[in-house]
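As you go down the protein sequences, you meet chains A and B in turn. For the first sequence, the working numbering begins at 367 and goes up steadily by one. For the second sequence, the working numbering begins at 186 and goes up steadily by one.
Think of the hints as simulated: they come from the structure by calculation, not from any bench. Since the structure is predicted, the reported quantities are computational estimates derived from the model, not experimental observations. Some hints could be false.
Chain A side only, calculated, beta carbon under 8 Å to chain B, not exhaustive [as the list claims (entries may be wrong)]: (1) N373; (2) I374; (3) V376; (4) K380; (5) L384; (6) A402; (7) S426; (8) R430; (9) D438; (10) S440; (11) S452; (12) L467.
The beta carbon of each residue, even a glycine, is placed where N, CA and C say it ideally should be.
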Amino acid sequence: MSESLLNISVESLKRVDLITVSGRIDSSNVTELEDALNNSLQNGRFNLVLDMADVNYISSAGLRAIVAALRDCSKRGGGVRIARPSDRVQEVLSLAGLDSLFPIYEDTVSAVGSF
Amino acid sequence: MPTKHSLTVPGQYREIRQLCQFVMDGAKEAGLDETALFHVELACDEACTNIIEHGYQGEGKGTITVSWEIVPDAFVITIHDNGRAFDPDEVPPPPEFDDTNTAANIKNLKTGGLGLHFIRSLMDSVHYQFSPNGNTLTLIKKRPSAKGSNTS
């Protein structure tokens, strides 16, 4: 039970970091997501797109990491956009009442282009 | 008499997945559908995460015992720990966001209490009991055949 089941890849585009997350995000592995988000921020990248098409589970721990990134990016004139959220991600965002704070895009191209 | 199944693990985040899987196996046996299974998994995850974070105030400070049983109208989960007494009724729900003022919302965004909010929203009934033997949280999810009847 020690395997993470979470995969994260980051692609630095011209104005945006595209962060593709897949698998399960919970309290046991959320630090991996926090590290990826913080790494972008430390590199001065404040426009973030999270591709969450293949996230099959997310708990409030995962949401808190994304909200923290949104807060930090917004302070610096950037933002966090979510592309292709899975049904589970959409349900959890809605349950938390956070869906109105995250612009949702049906594909990564339009999410990246929105910045 | 319904059979009660129990599993005890150390209070560590990496153990929660095992507890959730244990509960999900029971929920499947109770005939819950995919959506209800997800709700049970998330509620169990949030409850155990809260125990480690708030009850024990860190990992490796005690154990968590999760039990489940199938009764005629419901799937019943009990979660027991020996951490600090904690009454979920004293935790207010997270604030509702006014999406007409997004910039201010983001600045003032607070995400404390989300886990409890999830538990309350996803389960049909939630009870908390504290005794000298520790804290017991009981989560009840109605079984499909019992929808529409009262469990709590």
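> Checking against the hints above, which ones are violated?
Replying inline: 1, 2, 3, 4, 5, 6, 9 and 11
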